[in-house]
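Student: Protein chains in written order, with my numbering: chain V, 1 to 208; chain R, 1 to 208; chain H, 1 to 208.
The hints are simulated quantities; they were obtained by calculation from the structure and are not laboratory data. It is possible that part of the hints are untrue.
Said to hold, decoys possible - Some chain H residues flagged as far from chain V (calculated, every beta-carbon gap over 12 Å):
#1 LEU5
#2 ILE14
#3 ILE56
#4 ILE71
#5 LEU84
#6 LYS94
#7 VAL95
#8 PHE117
#9 SER131
#10 ILE147
#11 VAL167
#12 GLY174
Said to hold, decoys possible - Calculated lysine to aspartate or glutamate pairs in the EDC-like style (CA-CA distance at most 16 Å, straight line):
#13 H:LYS82 / H:ASP143
#14 V:LYS62 / V:ASP50
#15 H:LYS193 / H:GLU28
#16 V:LYS27 / H:ASP143
#17 R:LYS62 / R:ASP50
#18 H:LYS27 / R:ASP143
#19 R:LYS27 / V:ASP50
#20 V:LYS62 / V:GLU6
#21 R:LYS62 / R:GLU6
As the list claims (entries may be wrong) - Reference listing, derived: stretches of chain R covered by chain V, where coverage requires no fewer than 3 residues with Cβ under 8 Å from a Cβ of chain V:
#22 6-15
#23 110-124
#24 134-145
Ideal Cβ positions, reconstructed from N, Cα and C, are used throughout, including at glycine.
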Amino acid sequence: MFNALEIMNILGVISFTISGASKGVKKELDLFGTIVLGIVTSYAGGIVADLLVGVIPPTILKQWQLLLLSISVSITTFFYYKQLNKKFLTLVLKVSDAIGLAAFAAYGAYLAYSHGFSLITVAMISSIVASGGGVLRDVLVNDVPLILTKEIYATAALSGGIVYYLVASISSQGYATVVTILTVITIRILAIKYNLHLPIIKAEVENR
Amino acid sequence: MFNALEIMNILGVISFTISGASKGVKKELDLFGTIVLGIVTSYAGGIVADLLVGVIPPTILKQWQLLLLSISVSITTFFYYKQLNKKFLTLVLKVSDAIGLAAFAAYGAYLAYSHGFSLITVAMISSIVASGGGVLRDVLVNDVPLILTKEIYATAALSGGIVYYLVASISSQGYATVVTILTVITIRILAIKYNLHLPIIKAEVENR
Amino acid sequence: MFNALEIMNILGVISFTISGASKGVKKELDLFGTIVLGIVTSYAGGIVADLLVGVIPPTILKQWQLLLLSISVSITTFFYYKQLNKKFLTLVLKVSDAIGLAAFAAYGAYLAYSHGFSLITVAMISSIVASGGGVLRDVLVNDVPLILTKEIYATAALSGGIVYYLVASISSQGYATVVTILTVITIRILAIKYNLHLPIIKAEVENR
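The whole structure should be built from the sequences, with the hints applied where relevant.
Tutor: Right, dumping it as structure tokens:
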């Protein structure tokens, strides 16, 4: 099981670093700022997950390999971002975002389930862990977080947590991990492909 | 005592969900975003409170009833927001904000006092818990938090924590809860009614 | 050792309160808002540090002396900010920022090292603790955090953590504290003086 957890962590860190570093370049941060945003985006979920279940200090703070990985991916993103085709870039960002969300949803669910928490706790922790990095990324550069504006984002992570709990209960945590990752990625891709979202009420009330 | 704690939690969740969801509609979020903002606003205080006193995992993450409650209130707010009279809406928002602040101030104070912390710790935790949800709500939609701009907000919560400690010391936690809630609501209402605030220095220094 | 820790805390609180309260005045907050921003900026690092290493409740929430200190410094900053020469003010802000960063880097490193954590954990916690207050200060008033835009900020704190670990390993935590503070201040001053930073890629890709 340790290997699956490690793989989720590595996948999540790579995906969210790409996502964070890309946003850094887009917001015209310099190399340092881009690296910091890459690290923050990819680390937030893991740190919050461990704090919520009481793993002190958070595991991710102990692994220099993940730090080196996040720095390398940030630097690569920084120097290749501009040279990539815009359409390809958008695809890379959406895919890495979906993978990151899925990996961290599974990581959060694994951690919460392993500590013996109930279905609702597993689902809640799963969605907090999966969306934490993206929220921090957007808040730091003054964007309204994707989680509030985009298609079925937190819901995908929440569903991942529920699926994890159910599959783990009747089968094993290994199967649960795989099914969760596939479920979350599928939901995200369907949401993006069919542009799933609910109606917007345009409020005419003036700002308080 | 458990019942009083439960009631505070329910009151706080309802009030802060209304406050968060209303802000979501005003910021033209769609239904999902509005629900997420309602949940985040009403959950932040309870999660932070439990992390600060070492309750792992945070109690609120275990209660699916509160999640359902927050979702229902968010949906109701979303669909009724526009139909309400503007004046009535402003009143609802101010009242629910005051009740939420009072409920979470009492919740934080109860938790900190029960763990045997000192007056200053109880007061600090009380004000962090009570203002946490509102701060997160405003940061997520890029507003400068109410706590920095509006009348005597954190101070009301801080006073609530102090009152709780003093009343609980000489009487019981039950009385302390009631007196704290009444104190915080009274301070907030007086602050709004008489528009209490302190002078603003208009700085002419250019931004760094 | 307790005294060194206390001194770091006091230094850090004074410096970060000046930094937070100044930003409050610049953003035209009233006196209450300025005090709150001063307290939040100076408290965030200590609270996060303690949560990450499992000190519950965070030490800083127990010390009314630090709260009084932070309030007094905020009030002083509020009333003297406008009267100060602009050049002198900029100098004060840069120096207090460097001292605060150094003090909290050393505080975080001390705490993590005392709990027996490894080099990478000490360095990571040190940089999170040192930059936490500034990040929260900027996020609350809707600025993009200094840590993402300015010269070698998180790096200075990270270096401080590494230096702390190495010096503490071969010598004592007392020496480590002094060397760390001097190292961080030196790096920050050199970074500002020689305007050290890395190239900015101007992205022409439209916002997603």
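Student: Which earlier hints turn out false for this structure, listed by number in ascending order?
Tutor: 3, 8, 9, 10, 13, 15, 19, 22, 23
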